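Assemble the complex: chain Y is given as a structure, and chain L must be docked to it using the hints.
There are 2 protein chains.
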Amino acid sequence: MLNTDDLKLAKGVKDWYGKQAILRNYVRDTLRSIFERYGYNPLETPIIEREEVLSFKGGGEIQKEVFRLKDQGRRNLALRFDQTVPLARFYANHPELKIPYKRYVIGEVFRDGPTQPDQGRYRIFTQCDVDIIGVENMAAEAELLTLASDAFKELGLGDVTVKINNRKLLDGIMDIAEIPDPVKIQAILILDKLEKIGIEAVKKELSEIEGRPLSSPAVDTLIKNTVIQGNNHEKIDYLNGIMASNTGKEGLQEIRQLLSYCNEMDFDFVEFDPSLARGLDYYTGTTLEVFLKKKDIVNSAIIAGGRFDNMIGDFKGTEVPIPAVGFSFGLERTCMAIESIMSDLKETTVKLFIIPLGTLAESLKIAHIIRQQKINVDIDLADRSLKAAMRYANSLDIPFVGIIGENEIKKEVITIKRLSDGLQNEVPIIDVKSYLERNGNSKVGLE
Amino acid sequence: MLNTDDLKLAKGVKDWYGKQAILRNYVRDTLRSIFERYGYNPLETPIIEREEVLSFKGGGEIQKEVFRLKDQGRRNLALRFDQTVPLARFYANHPELKIPYKRYVIGEVFRDGPTQPDQGRYRIFTQCDVDIIGVENMAAEAELLTLASDAFKELGLGDVTVKINNRKLLDGIMDIAEIPDPVKIQAILILDKLEKIGIEAVKKELSEIEGRPLSSPAVDTLIKNTVIQGNNHEKIDYLNGIMASNTGKEGLQEIRQLLSYCNEMDFDFVEFDPSLARGLDYYTGTTLEVFLKKKDIVNSAIIAGGRFDNMIGDFKGTEVPIPAVGFSFGLERTCMAIESIMSDLKETTVKLFIIPLGTLAESLKIAHIIRQQKINVDIDLADRSLKAAMRYANSLDIPFVGIIGENEIKKEVITIKRLSDGLQNEVPIIDVKSYLERNGNSKVGLE
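Going down the list, the sequences are from chains Y and L. Heads up, the working numbering is the position in the first sequence plus 1032, with the first residue counted as 1. Heads up, the working numbering is the position in the second sequence plus 1032, with the first residue counted as 1.
With the rest of the complex left out, here is chain Y:
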């Protein structure tokens, strides 16, 4: 006999049910409609990829967290850890696709790493990604930021703060600090922890990089030129004054161009932050993170992404880089933010609970008629007492019950009771929809 503990959830994952599952559907639906409004079309790549595909890009740290498995033919497989690498694999496999190619995807990704449920971090989480392949112009980034702002508003999350930076610029800043090329990526991954572990800890890690520790002046110069005070213009002016390398200048010019589009769109919520790093090594240009303006709700980034101009070309095996840029909404974190703002989320999608009193067969038929009016109806299939059925409907937070006894059958009506206040009426079956619409009150945000 098995221990009942063996029949529980696996470690680091979660069941979503009740109001949280309804909320997840609502967020996915809302994001999907916004993605489509911005010209993205759906793509679904498989959760299982060849191991070679997933270890080809997104190297370093993330590889430790890849779930690996084999099929019966002993082939090496792995579960996707993000949606970007599969996109590159897909796009490289489909030379017939026109550019620009814009796709969205909403689906689970898998990481065998530490979890933090209070930050919405699980081993399985859902990424809602939009990416544009084939556009070099910063207009792509500008459009993505417009989308982000619309999405937050439509989800009821209010205003956003956007942080932008650029990997080319960071490269230039590292040249000034005389950080050698092979250490640059590692330095970026450490810099990425700035918000989490603070300046002193970052400095310490930088000076302790295995094999290639940075000198104290190098660390100080790097920090001085990334953690800069001032508004966007002041930061750009400062960096413009010290930037030497062409790559760095190009990065700065891209930041300038993106900010000018943002200006054109009257976006005052975009902050240039030269210390923004992002923990993935495939970014080549812009990096960005989007936060709630009200930081007290969720203070980690709800959206993160950037430009990865080399990955797709590498998958295709071509020399010419293929520009690509995109970002990802974390579904779990988005839902956490909404939960903390809206207290009154729907517990059920059911509008009307039919209680047959000795009329189960007829009531099944009546339920069918009402459902054809596109109303969400449940019915007491267990055929219990009125009292037990009422208690059940109440416990599920269903707004209306509809009682059908012999009397109602004869009169072709249904006795509808609103559970919030007991309002009760006999309603002709054909009028149920309009009656519920007249007397119902929907939960906030979710109808």
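Hints were generated in silico from the structure; no laboratory data involved. Source: prediction; values computed, not measured. Check each hint, because a few of them may be wrong.
Treat identical chains as interchangeable: a pair holds within one or across any two.
[Said to hold, decoys possible] In silico SDA-like links for lysine to any residue, alpha-carbon gap of 20 Å or less: (1) 1406 <-> 1365; (2) 1102 <-> 1154; (3) 1443 <-> 1093; (4) 1051 <-> 1061; (5) 1256 <-> 1224.
Frame of chain Y; chain L shown alone:
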């Protein structure tokens, strides 16, 4: 350097893109709205479960096809092979849930077995399941069949044929053939292949069961009493005449009760088929399959399911059985059926493609205004020539392009051209939505 073959799809899986991805969203949306209309609420269980959970039930054949993996802590894990076992695990872990508990789930399942792309069979496929826990009454089955019929109609698949049978009845039929208890499940799994491999092959397999081959008279009796000609009443009468065991009689009574509900609902599409077996060993009562009436389109079952009254009690470790019944729509097969009926599926969700002529920054802003009217708009971020951009819009099957040059900016209009016939007008920006609605024609079934 990797071979580019290593950067392809894994074996037996598929990317869904273009019109197929749009169709999948449409089918999932439609099913979800029908599931909710029937009083089901959403549940999402994780794709990864403990291995013990997935090997606890659904034994036999299916275990060979389970994808197994380990996490960094060397824990034994597996990918779900259906949605029913995770439901039982979930429900057993949540004693606070009220019964009846009705949930739906739409998500991928994984089987490391042979694939048949022309039958919509892949190693990763999507099951759309509805299940009712806590209802013993055949009213639950009747409601499920109503749901199935509504779903097929709403998806444009037309009329259905439903086959029903009952495991208790099959048990009684096997008693008549004097098939010993330990071989019954195996005999059922062989009988399940009837439609696929034919009577003679089934007989052969039955007489060759390893260790316990059935005698020739046993095989003949089993076939005679399952492959019965006649209408539902005639089949019931025949079996009623020969049924000896109480279990068998109970099964027959359940069939009778279910058919009487179907009669009440004026369902003439339900066929009692005593040979219907279903290849999973956890069923305890009703089994059912739903087919398209037009068999030439897809002749395998699009829905399959049944009653599994023991599984949940087993997971909870209780002696008392907890009744449960449900079924599963195969998403891939449903989409195949729709594809073969509807030739004119949408290739893109984009309605209007904006082409800026030297006005990219302003056009981004105008695109935003039109998107706020909830229209799906794409814009040529690559800032190409009119000709190249027109060719692109045409190739993607986008219905309208909107040209914005200096002239349009001055007049606050957009020159909209319908690509199907060249109809062209200057439209004030605030009127774009109503203009497109007046002049658009949607693709069949998908708006």
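Structure-based check of all given hints:
no.: 1; hint: 1406 <-> 1365; result: neither (32 Å within a copy, 25 Å between copies)
no.: 2; hint: 1102 <-> 1154; result: between (23 Å within a copy, 16 Å between copies)
no.: 3; hint: 1443 <-> 1093; result: neither (70 Å within a copy, 54 Å between copies)
no.: 4; hint: 1051 <-> 1061; result: both (15 Å within a copy, 19 Å between copies)
no.: 5; hint: 1256 <-> 1224; result: within (15 Å within a copy, 72 Å between copies)
Checked against the numbered hints given earlier, this structure breaks hints 1 and 3; the rest are met.
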